[in-house]
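If you're matching them up, the sequences are chains B and F in order.
Counting from 828, one number per residue, gives the positions in the first sequence under this note's numbering.
Counting from 37, one number per residue, gives the positions in the second sequence under this note's numbering.
Keep in mind the hints are simulated off the structure, nothing from the lab.
Note that CB positions come from ideal geometry on N, CA and C, so glycine has one too.
Treat the hints with caution; some may be incorrect.
[As the list claims (entries may be wrong)] Partial pick of chain B residues on the chain F-facing surface, computed with a CB cut under 7 Å:
id: 1; residue: L846
id: 2; residue: V860
id: 3; residue: T862
id: 4; residue: L864
id: 5; residue: Q881
id: 6; residue: F889
id: 7; residue: L890
id: 8; residue: A904
id: 9; residue: V910
id: 10; residue: L911
id: 11; residue: T919
id: 12; residue: M923
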Amino acid sequence: MQHENAETGHGLSPYITGLVLALILTAIPFALVATGLLPKPATLSAIMAAAVVQILVHLRYFLHLDLKSTPRENLLALLFAAVLIFFMVGGTFWIMVDLHHRMMM
Amino acid sequence: MNLPAVIPALPHADRAEAYEQRAFGFWLYLMSDALIFALLFATYVVMAPNTDGGPTGQTLFSLSRAFVETLLLLFSSAAFGVAAVAMAAGKKAEVLRWLLVTFILGLAFVAMEIDEFRGMVLAGAGPDRSGFLSAFFTLVGTHGLHVSAGLIWILVMIGQIAVKGLTAPVASRLSRLGLFWHFLDIVWVGIFSVVYLPGVM
Chain B
828 MQHENAETGH GLSPYITGLV LALILTAIPF ALVATGLLPK PATLSAIMAA AVVQILVHLR
888 YFLHLDLKST PRENLLALLF AAVLIFFMVG GTFWIMVDLH HRMMM
Chain F
37 MNLPAVIPAL PHADRAEAYE QRAFGFWLYL MSDALIFALL FATYVVMAPN TDGGPTGQTL
97 FSLSRAFVET LLLLFSSAAF GVAAVAMAAG KKAEVLRWLL VTFILGLAFV AMEIDEFRGM
157 VLAGAGPDRS GFLSAFFTLV GTHGLHVSAG LIWILVMIGQ IAVKGLTAPV ASRLSRLGLF
217 WHFLDIVWVG IFSVVYLPGV M
């Protein structure tokens, strides 16, 4: 497209790709839960895997993040947030699961 | 957002830099928002088993409702993408049309959520019923409030585009609204994957 500018710099195609991938990655976990095809732990793993991939799809095709054109500081901020989330959410589970065991609940 | 009068007075290069800084500043806000949601998710997962003998996700959540809500938000996100492309091409009428589509889909999402919350509260499954429900309403409600704020922002941008046209400040604001709107769809992916799907199993 001739009018692509630095602001968006994209035509329609990334949005279509993102939409199709997101629909597939939504349909899979909903179908697994609706049909009960797999045992529960396997279904839960599939849900989480589909969610992680779908979030990456959104970041790539809707938010247009990539390693080349996205400003470095934006990626660093995202990485920093991911590290904080890892420690705070991981730490929360660690403490609460440990507490749960010690309380013999 | 609150310095529109200053920006146009700057030379073009400085103006572009100012917009870039705003985009980065907004990105930092989104990252802090992501932290809030991450901790609400952690709280929900810890609290989810604490139903106090009350209703559980299995009886409260509807798979089909969650699926329709997911589709509404996803198509709304994609519709915003079409508006952004039209924006880059300078097609004002098309931008307005697709922003309206984005708004209607988002409004339908919020309406479904309010209806769900209302039904739950009337059935005695309000946020005061159990730890599980407190965490549920806090997490999903915080997301719903964000979407509602986004809806107001979309209306404001429709007004600005209609009145001011596709000027540089308006385009800059619209790009930040896009970041916000797509970000909220990402949070929703987390919500249906952590709350609704495991809840109905």
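Hint check:
Because the closest C-beta pair between L846/B and chain F is about 4 Å apart, less than 7 Å, the hint holds. Satisfaction of the interface hint for V860/B is found here, the shortest Cβ-Cβ separation to chain F being roughly 5 Å, below the 7 Å cut-off. At a threshold of 7 Å, the smallest CB-CB gap from T862/B to chain F is about 11 Å, leaving the interface hint violated. For the restraint placing L864/B at the interface with chain F, the shortest Cβ-Cβ distance is roughly 12 Å, beyond the 7 Å limit, so the hint is violated.
Checking Q881/B against chain F: minimum C-beta separation of about 5 Å stays under 7 Å; hint holds. Hint on F889/B holds. Least Cβ distance to chain F is approximately 4 Å, under the 7 Å limit. Interface hint at L890/B: satisfied, since its Cβ lies 5 Å from the closest Cβ of chain F, which is below the 7 Å cut-off. The interface hint given for A904/B is met, as the beta carbon of that residue sits about 5 Å from the closest beta carbon of chain F, less than 7 Å.
At a threshold of 7 Å, the smallest CB-CB gap from V910/B to chain F is about 11 Å, leaving the interface hint violated. Given hint, L911/B at the interface with chain F, holds; its Cβ is 6 Å from that chain's nearest Cβ, closer than 7 Å. Interface hint status for T919/B: upheld, as the beta-carbon distance to the closest one in chain F is roughly 4 Å, under 7 Å. For M923/B, the interface hint holds, the least distance from its beta-carbon to any beta-carbon of chain F being 5 Å, beneath 7 Å.
Going through the hint list in order, the structure does not satisfy hints 3, 4, 9.
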